[in-house]
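Undergrad: Sequence:
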Amino acid sequence: MARIEDLAEHYGRHISTPWQRTVAGAQRVVMVIYDKELERTLRARKLAFETATRQAGHEWTEVDLAGAFGEWMAADDYRDEYFASPEDLQLKLEAEFPGSVADRLRETLRAQDVGENTVVSVFGAGSLFGLARISHVLRMIESDIRGRLLVFFPGQFERNNYRLLDARDGWNYLAVPITAHSD
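For the sequence shown, the working numbering begins at 7 and goes up steadily by one.
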């Protein structure tokens, strides 16, 4: 069995356990941690995670953040000036982009067809690397999570520390980690 299938099996066991309804938003986040080299394989096999979710009696919806930066930049009136002087973009990026990503997630989390029994799955977290910290974005939306937020996380998890793309200093987060070695 390949590594993605192992992750889907571990996830399936976790998501089929009864959900506590009184946990904080941060505890409603499930992080599936996989090797960054498996991004395309994961996307090709994401149906395994959706199937496990539906078999457990939950609803499934997806958000893909892979195009978030491009769409955010394309909507900016001064994008041409930023491309001419990219160093001028840093302040705007730090001040506005994480909020834009959070708004995108919040829109899905607050959708009428998303409720306490829904898993909102997030793909493309790796595309935020160098542009926004996923930890910051997750803190911004914790109160909007009604069911579960499933983040597909290309990186590492070690001693309660998450490291996106194995490169940046990690952060400690209350999410439930699903790894190839999960019990």
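Since the hints were made in silico from the structure, they are not lab data. Since the model is a prediction, treat every value here as computed from it, not as a measurement. It cannot be assumed that every hint is accurate.
Unchecked claim - Pairwise CB distance ranges (calculated): (1) Glu148 - Gly73: 46 to 52 Å; (2) Ser91 - Arg165: 38 to 44 Å; (3) Gln118 - Phe89: 34 to 40 Å; (4) Gly136 - Asp41: 30 to 36 Å; (5) Lys98 - Glu148: 35 to 41 Å; (6) Arg19 - Asp82: 31 to 37 Å; (7) Leu53 - Asp119: 47 to 53 Å; (8) Asp12 - Lys98: 40 to 46 Å; (9) Asp82 - Leu53: 49 to 55 Å; (10) Thr28 - Arg165: 25 to 31 Å; (11) Asp119 - Leu97: 20 to 26 Å.
Glycine included, each C-beta is placed from N, C-alpha and C at the ideal position.
Undergrad: With respect to the beta-carbon atoms only, verify the hint that aspartate 12 and lysine 98 lie 40 to 46 Å apart.
TA: 41 Å, holds
Undergrad: Arginine 19 and aspartate 82, beta-carbon distance inside 31 to 37 Å?
TA: 44 Å, violated
Undergrad: Note whether the CB distance of aspartate 82 and leucine 53 lies within 49 to 55 Å or breaks it.
TA: At roughly 35 Å between Cβ atoms, leucine 53 and aspartate 82 fall outside 49 to 55 Å, so the hint is violated.
Undergrad: Please test the hint of 34 to 40 Å on the beta carbon pair from glutamine 118 and phenylalanine 89.
TA: 38 Å, holds
Undergrad: Just to be sure I understand the hint, the distance between the Cβ atoms of glycine 136 and aspartate 41 should be within 30 to 36 Å; is that true here?
TA: Once the Cβ atoms are compared, 19 Å apart, the range 30 to 36 Å for aspartate 41 and glycine 136 is violated.
Undergrad: Using the beta carbons of serine 91 and arginine 165, state whether their distance is inside 38 to 44 Å or not.
TA: Given a distance of about 41 Å, which is inside 38 to 44 Å, the answer is holds.
Undergrad: Quick check on a hinted range of 47 to 53 Å for leucine 53 and aspartate 119, using CB atoms only.
TA: At roughly 20 Å between Cβ atoms, aspartate 119 and leucine 53 fall outside 47 to 53 Å, so the hint is violated.
Undergrad: Has the hinted range 35 to 41 Å been met by the Cβ atoms of lysine 98 and glutamate 148?
TA: Between lysine 98 and glutamate 148, where Cβ atoms are some 25 Å apart, the hint is violated.
Undergrad: Is 20 to 26 Å a correct range for the gap between the Cβ atoms of aspartate 119 and leucine 97?
TA: Given a distance of about 37 Å, which is not inside 20 to 26 Å, the answer is violated.
Undergrad: Given a hint of 46 to 52 Å, does the C-beta separation of glutamate 148 and glycine 73 actually sit inside it?
TA: 24 Å, violated
Undergrad: Quick one: are threonine 28 and arginine 165 within 25 to 31 Å, going by C-beta?
TA: 27 Å, holds
Figure legend: structure checked against the earlier numbered hints; hints not met, in rising order: 1, 4, 5, 6, 7, 9, 11.
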